[in-house]
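Residue numbers (this note's numbering), protein chains in the order written: chain A, 8 to 258; chain B, 8 to 258; chain C, 8 to 258; chain D, 8 to 258; chain E, 8 to 258; chain F, 8 to 258; chain G, 8 to 258; chain H, 8 to 258.
To be clear, the hints were calculated from the coordinates, so they are not data collected in a lab. Every residue gets a Cβ at the ideal spot worked out from N, C-alpha and C, and that includes glycine. Among these hints, one or two may not hold up.
No more than 27 Å apart at the CA atoms, straight line, and that leaves these computed lysine-lysine pairs for BS3-like [as the list claims (entries may be wrong)]:
no., chain 1, residue 1, chain 2, residue 2
1, D, Lys-93, B, Lys-93
2, E, Lys-93, A, Lys-93
3, B, Lys-91, D, Lys-93
4, B, Lys-100, B, Lys-74
5, H, Lys-74, H, Lys-93
6, E, Lys-100, E, Lys-74
7, F, Lys-74, F, Lys-100
8, D, Lys-91, G, Lys-93
9, C, Lys-91, F, Lys-74
10, E, Lys-74, E, Lys-91
11, F, Lys-93, E, Lys-91
12, B, Lys-253, B, Lys-175
13, G, Lys-91, H, Lys-91
14, C, Lys-91, C, Lys-74
15, H, Lys-74, E, Lys-253
Some chain F residues near chain G, calculated using beta-carbon distances under 8 Å [stated by the list, open to error]:
no., residue
16, Met-117
17, Leu-121
18, Gly-123
19, Pro-200
20, Leu-224
21, Gly-230
22, Val-234
23, Gly-241
24, Ile-249
25, Arg-251
26, Lys-253
To list a few chain E residues with every Cβ distance to chain F over 12 Å, as calculated [what the hints assert, rightly or not]:
no., residue
27, Lys-74
28, Ala-81
29, Thr-132
30, Leu-135
31, Ile-155
8 protein chains.
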Amino acid sequence: MTQEKLLDLLEQVRDSTVSPEEAAKQLAAFENLGYARVDHHRAERQGTAEVIFGEGKTVDQIENIVKCMMNRGAGNILITRLSKEKETQLRGKFPYRYSDAACLMTANPMEQTLVGSVAVVSAGTSDLAVCEEAAQTAETLGSRVERIYDAGVAGLHRLLAELDTLTKARCIIAVAGMEGALPSVVGGLVSCPVIAVPTSVGYGANLGGLAALLAMLNSCASGVSVVNIDNGFGAGFLANRINRMKGVDET
Amino acid sequence: MTQEKLLDLLEQVRDSTVSPEEAAKQLAAFENLGYARVDHHRAERQGTAEVIFGEGKTVDQIENIVKCMMNRGAGNILITRLSKEKETQLRGKFPYRYSDAACLMTANPMEQTLVGSVAVVSAGTSDLAVCEEAAQTAETLGSRVERIYDAGVAGLHRLLAELDTLTKARCIIAVAGMEGALPSVVGGLVSCPVIAVPTSVGYGANLGGLAALLAMLNSCASGVSVVNIDNGFGAGFLANRINRMKGVDET
Amino acid sequence: MTQEKLLDLLEQVRDSTVSPEEAAKQLAAFENLGYARVDHHRAERQGTAEVIFGEGKTVDQIENIVKCMMNRGAGNILITRLSKEKETQLRGKFPYRYSDAACLMTANPMEQTLVGSVAVVSAGTSDLAVCEEAAQTAETLGSRVERIYDAGVAGLHRLLAELDTLTKARCIIAVAGMEGALPSVVGGLVSCPVIAVPTSVGYGANLGGLAALLAMLNSCASGVSVVNIDNGFGAGFLANRINRMKGVDET
Amino acid sequence: MTQEKLLDLLEQVRDSTVSPEEAAKQLAAFENLGYARVDHHRAERQGTAEVIFGEGKTVDQIENIVKCMMNRGAGNILITRLSKEKETQLRGKFPYRYSDAACLMTANPMEQTLVGSVAVVSAGTSDLAVCEEAAQTAETLGSRVERIYDAGVAGLHRLLAELDTLTKARCIIAVAGMEGALPSVVGGLVSCPVIAVPTSVGYGANLGGLAALLAMLNSCASGVSVVNIDNGFGAGFLANRINRMKGVDET
Amino acid sequence: MTQEKLLDLLEQVRDSTVSPEEAAKQLAAFENLGYARVDHHRAERQGTAEVIFGEGKTVDQIENIVKCMMNRGAGNILITRLSKEKETQLRGKFPYRYSDAACLMTANPMEQTLVGSVAVVSAGTSDLAVCEEAAQTAETLGSRVERIYDAGVAGLHRLLAELDTLTKARCIIAVAGMEGALPSVVGGLVSCPVIAVPTSVGYGANLGGLAALLAMLNSCASGVSVVNIDNGFGAGFLANRINRMKGVDET
Amino acid sequence: MTQEKLLDLLEQVRDSTVSPEEAAKQLAAFENLGYARVDHHRAERQGTAEVIFGEGKTVDQIENIVKCMMNRGAGNILITRLSKEKETQLRGKFPYRYSDAACLMTANPMEQTLVGSVAVVSAGTSDLAVCEEAAQTAETLGSRVERIYDAGVAGLHRLLAELDTLTKARCIIAVAGMEGALPSVVGGLVSCPVIAVPTSVGYGANLGGLAALLAMLNSCASGVSVVNIDNGFGAGFLANRINRMKGVDET
Amino acid sequence: MTQEKLLDLLEQVRDSTVSPEEAAKQLAAFENLGYARVDHHRAERQGTAEVIFGEGKTVDQIENIVKCMMNRGAGNILITRLSKEKETQLRGKFPYRYSDAACLMTANPMEQTLVGSVAVVSAGTSDLAVCEEAAQTAETLGSRVERIYDAGVAGLHRLLAELDTLTKARCIIAVAGMEGALPSVVGGLVSCPVIAVPTSVGYGANLGGLAALLAMLNSCASGVSVVNIDNGFGAGFLANRINRMKGVDET
Amino acid sequence: MTQEKLLDLLEQVRDSTVSPEEAAKQLAAFENLGYARVDHHRAERQGTAEVIFGEGKTVDQIENIVKCMMNRGAGNILITRLSKEKETQLRGKFPYRYSDAACLMTANPMEQTLVGSVAVVSAGTSDLAVCEEAAQTAETLGSRVERIYDAGVAGLHRLLAELDTLTKARCIIAVAGMEGALPSVVGGLVSCPVIAVPTSVGYGANLGGLAALLAMLNSCASGVSVVNIDNGFGAGFLANRINRMKGVDET
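Given the sequences, and given the hints that come with them, work out the whole structure.
Here is the structure:
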């Protein structure tokens, strides 16, 4: 709730158009399921409905949260890190779309017009799951996505061949495990924001993705920022936000 | 150099308008000072001139790199992490602006029209240096900046009072040391991209800023990405890039 | 054994009311089962019976320890981190209460009058198991508990709506994984002791809960202390101790 | 501001006793000095005035913050981690008390009636500075403090000799560097809350205090919680809060 | 593609022998399978065909990549970290050789003349899998290999007895887990390059191989360099490269 | 082989009593099984036969190594970290004794006269496996062992009651997980060498035993040294060596 | 105080030979200087007087502790990690011996008959300070010491040439920085206890001595235990204790 | 000493040409200065004289070691990590060459014919010191060196412009701090061995060079191995060894 809306509300209270109890209720606009407080304000506050982190929630909890949101009209509800096993148990409970590759469910899916351009570029084939989580998140939220997979720095020409696509993107998601060098190289070639996603692909001194994470945080290229290891969702969400920005001159 | 320009160049070579030697030279458009290769293409490739990392470079090296860039017409050349001591030795060598608080020099400073809105919000007074590095970087590159300092989560009302400024920003830089909670709280309140900057402020288990860094990478709020510890420059650079984006409909 | 009791005992030895051998035995008031030394003094010394760490003990060991304690009259014996599988094998051996959600058994359960108020507030639904371990521990030891779950900082209004409950609590347990920001925000709102419990909920750079742990240790809010990752029991135990304190004026 | 006060305020707005603008101002009750937002609500919200973290602030900033608080009537304002050098520069600016041992300043000192009992027990002589920061913080806030220094576990009888003082305390602060074993041993002897403070005393594999911190977090004794390395202030603040609690029966 | 070949290509473009489109295609000489970009240039650029990292790829992906490479005439295609289970599923799809011990497949195997001498020396029997990955990689690429297994430093005479073989080798791969001391001892005895391979063999403070890795990086012997934990492939690849070098006088 | 024996050997070579080839063979007195070099010299060099690390070796390898050693007359051959499953497969291959609790096998067991006194003291019941590995190793090698289990520092009187046994021991093995405080407390009470064994018992911030390890390395008590996490074997081996020492006056 | 002495004391109390107050005093046999509790029992309990950790204590504190101990007749009082600067200020306060190389002071030095044999062997010249701290500690406590410096594993013959001295020692202290391989090699050659001391010598991935520490903890040689990084004192103390042991047959 | 020479020696002993005492002396061919054992065999064993690690040695120790080596005819003696201050004190003691940039001294410098080609390529200007240590080490040992500095991946064309030099090198040293991506990119372009040197250049999450180190260990390019952080010497030494190899066909 913006400051402006807050002042409006207070004025309505003063004018007795709204009772104090009603005002207090509006400030607390979420539903309490006991184990979860469903945040109905989020779309208004942040432009998209609440996203459900599927890991560590039971199938029943997920079903109830989704239905609670659908009752308030929410669509394209993202559920991340949802195992194939849970997906099977949710069949028939509500309409959805599910991606095996990304372990990503979209409950109550709706048509979207895709706009702009987000490029998802990856270092290797094994990064696919994270890439797809990123790409499908951005698409579900309304962005057009270009996929450039397996274009790691050990074979630079594979990357350079896609320079055209890269330079036309409004935002680039660069996904890499192992040494995580890809975002630095991409960052040196383009002039749009680059979101670096380290993955846990690798072994030994990759430390479960920490090596790639640290490399990306220390990128010598400007315009690069980083999200958590394997956090394709976070990258896709942010990329969509950047991609769909209005022009500075329009403001 | 974009793919398009590359094809142009190749066609000019075919038509003998440009010689192969000249083409090769254009592909290598930097100047070699021995200890540094000044990248004259960067502005074209990335929209801004090369930025000089002041730490670990001698005063002579800095002077030569700056002059080399000025000879090619560059202005508003940023030199980061430049100590007061080195600044003193550079007096009179070339025109510049210097900020003690941010250890940031702008060589050959030029007038800029500031556009859009970047908000820099910090958790505490001790984060000031990093905040100013971020704010002044964004300003030098052409963004209008709002400063909201010392608004950490232990006194939430201080932050909530600035909700209006926050929700109007096109990009927010959230700077915090210690537990690094600020970006998560800010991220939950706004709908623009949030760049989180961990600082080394704190002691003991802050591990020189790692605690804040890890917290920010694990942010439960969507739309948040992270840069290196104390990397105000990186945040300011990226925020400017996001702030100055053209609208998706204009593309 | 307090210094006072020690002096009493020594005086009884001097007066030959108690033999030196008997005195030595009283100083060693525990039972040795070979693999375990059951501490019968603990209730006297610390106000509650010994608590059994269920992990890494066999079902036989647990049964014997519990019975040994029950023989000395102990009730409400807590067994933490007890798997469902072990619980099944213990059926019929002795009376107990078991919580699947918390993996917590109370052997020889007894009625308690619940007093005061401990609030357990969590950041997300996935923190439920740790929360219940904390809440049920405090309840078993005699504290009244308020549960406020899924009130993380990415949707602040969910937390602020419970401000009334929070400010009335005598002690608050704040449970969070990921970035662990909740205790700092809660700590800034209340004037009672806050016990922060980091959880291992999250992935990647959460480092199995270390990110949340570090964040909580660096909390910028005063009045916050921290227990081990996922240590709901420890938080519940301490919260009960604080909640049940006598007033400073009564001393 | 409690929920109760908030409802009051809203009702006053409705009854036109308070204007919406005034209500908004009350919600934002802090003073903005640019580099700092002085939190005038904190005493009301949390029972004590804001505490100033001296490290990383300039002498001018500290002076202004203190005066800003004194103007609103605050007394016993704590400034932690304030170097001797800065203290010297602050002479004559405002009344204060300063402890060299603890690097702790109390601006605008006021008389306090000390109540209850907090025991500060340390493992070694080298932990003195942290102990004094804890002890003096608790005293400044109104608690009576008992000091038991250099009573580490390598000479248990030194600790056991103070058992009487320990068992009479309402809260114990256990301070130790190196292996950090003291809080576990103390925790096994008493029935009041124990706050463990790891210190950076030691070398090599002490990892700047991390070894002691980890040990304390893994304490096998119940009733122990932990604060940041060398955070004597945090321990003293929390101990005072616990020590001064009203009785559960009074509530 | 070397600079020389690049100039040739540009000259051919100028002379219209090659069209600009064709030139662009040659610069991008790889095949895009969507999830993988097969790098046909690598043999030319680096002397050996692309190596496939088997972990994290599906059986279908592997089959397609291999066939795509075989279509361009590649032989002795290495697939590392390929589980027995995947190998079973690949039977009959294309000709190959598979080593259970090394989890290493050689697709489209071809006869090789083995030259020079690479010695693989290991500290213990449990390092066998890594050793064989190294040894067989080097053999597949054309090097003669001597195996000296279980010759750790706790029984020095076992190593010293092989001094003759060691001093005759052109490159030595020293494989060790636990404390990783072997490469330092070997490095002190010979005058050829030594490649150290830390393994994850051990437990507790071996930290999954980090202890050995750190030891090897700090080797007091000169002429030692290190590859990733358990990276037998990397060591075998590099050893073959060194072993097969032409003489400095031949250049 | 001692320097003395070496000189003898050289003199025998000079006198042609021993041929150079035979001398070289004696210097290399081990058997090469390909995957293992069985060290027949070790008993002579170090007083006990080679010990076999069971983890990571196949059942066949273990059988062959044991038989190879038995052929040379070795008895009481220790095989550590041998799973129950492998033990089952080894039945009937050679005579042995096996402990489930310690996962320890003694092949070709022989009668021993137990001498001196080694005390194994543990903090908790869950440390049992490590304790038994230590105790049985020492017993197999000829030391009399006293077991004092579950005597952690949270109930000091349990430990103090065994002071008599502790002060009579010639060497003490102190085993603890979690905060690892036991060796420091024991070290402060006795005058014999104390070997500290950290265990991986615990969770969260115990970091798989690192917390206990670090604590023990930083012990404020003198006379304490440390072995690897869960390394009961190493502690038992060393304790036996110390326990069986001849007197300094006998030398 | 042993159990035996305790019983004696209790019996004396019963017979009224000793008053309860006197008994309590004897149990608390230390002197409280406020900042330090001087442990007069330690020599009796552990065979040597308390050792003073010089770092972090003021010159006044050290002087007072030493004098307090001398008043009770203590001699050869060790003060470790005492800087040259503090030593200068202590001149004339009490008799002492000081080693610049080891930063080690022996207050009230007394003649000792040196017995047995402790060998101190180091990897490199830069480990000298730690070696001397170890060697002089052992000498001060009564052990004869052999020094074998700069005999690291990169030049094995330097170590093998001292095999005679090594095999005659009753206890060996092996000191090494960098990769810390020395103790493993030494441990494989001898049959006496080996105390490994990691040093902080090195740079980069030596992590201030952690690399050597980890290596030593993972030593594949049996009979090796480890003390803290740079802890020459601890090694010397323990070596003396082992060296001076009575024979197992004498017990 | 090779096995062959050893047999020779033994035969000479048998034939009484060499006495056993003389043989023992030859096996121990080093000079003992007390604090250092100068290894005169090293040149024979490893092709180059012993290298002196200057850090942590006194000026006197260095002088004596150098003179001791010069007495045996050694030339081009490298002393690494020698501060300017120590160099000043060594003036006139013996002939030498000193590089300020590399903190590297060559005592008793001799003429060398430089052969082959080692390329040293660096990511940034701040890596200069490490680069020069590498380059000058290789030159002193006899290799011709090409320097390509400040060619980091954020401006790829700077690197690609030197492709010709890179592909002609027999061994490449790739030096980088920050994200350490350079060796992966270089490794993908060439077919000679690449030695990666991480530097401590950077700040925050570079963790003193660990970020670059980890990245390089995880390099997705084959043919890359790694040395310690800032270890220019180690890289230069190894590169020279590889560069000067004889051809495999000559063996």
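Hint check:
{"no.": "1", "hint": "D:Lys-93 to B:Lys-93", "verdict": "holds (26 Å)"}
{"no.": "2", "hint": "E:Lys-93 to A:Lys-93", "verdict": "holds (26 Å)"}
{"no.": "3", "hint": "B:Lys-91 to D:Lys-93", "verdict": "holds (21 Å)"}
{"no.": "4", "hint": "B:Lys-100 to B:Lys-74", "verdict": "holds (9 Å)"}
{"no.": "5", "hint": "H:Lys-74 to H:Lys-93", "verdict": "holds (16 Å)"}
{"no.": "6", "hint": "E:Lys-100 to E:Lys-74", "verdict": "holds (9 Å)"}
{"no.": "7", "hint": "F:Lys-74 to F:Lys-100", "verdict": "holds (9 Å)"}
{"no.": "8", "hint": "D:Lys-91 to G:Lys-93", "verdict": "holds (21 Å)"}
{"no.": "9", "hint": "C:Lys-91 to F:Lys-74", "verdict": "violated (44 Å)"}
{"no.": "10", "hint": "E:Lys-74 to E:Lys-91", "verdict": "holds (20 Å)"}
{"no.": "11", "hint": "F:Lys-93 to E:Lys-91", "verdict": "holds (21 Å)"}
{"no.": "12", "hint": "B:Lys-253 to B:Lys-175", "verdict": "holds (17 Å)"}
{"no.": "13", "hint": "G:Lys-91 to H:Lys-91", "verdict": "holds (24 Å)"}
{"no.": "14", "hint": "C:Lys-91 to C:Lys-74", "verdict": "holds (20 Å)"}
{"no.": "15", "hint": "H:Lys-74 to E:Lys-253", "verdict": "violated (38 Å)"}
{"no.": "16", "hint": "Met-117", "verdict": "violated (19 Å)"}
{"no.": "17", "hint": "Leu-121", "verdict": "violated (11 Å)"}
{"no.": "18", "hint": "Gly-123", "verdict": "holds (4 Å)"}
{"no.": "19", "hint": "Pro-200", "verdict": "holds (6 Å)"}
{"no.": "20", "hint": "Leu-224", "verdict": "holds (5 Å)"}
{"no.": "21", "hint": "Gly-230", "verdict": "holds (5 Å)"}
{"no.": "22", "hint": "Val-234", "verdict": "holds (5 Å)"}
{"no.": "23", "hint": "Gly-241", "verdict": "holds (7 Å)"}
{"no.": "24", "hint": "Ile-249", "verdict": "holds (6 Å)"}
{"no.": "25", "hint": "Arg-251", "verdict": "holds (5 Å)"}
{"no.": "26", "hint": "Lys-253", "verdict": "holds (4 Å)"}
{"no.": "27", "hint": "Lys-74", "verdict": "holds (35 Å)"}
{"no.": "28", "hint": "Ala-81", "verdict": "holds (33 Å)"}
{"no.": "29", "hint": "Thr-132", "verdict": "violated (5 Å)"}
{"no.": "30", "hint": "Leu-135", "verdict": "violated (6 Å)"}
{"no.": "31", "hint": "Ile-155", "verdict": "violated (9 Å)"}
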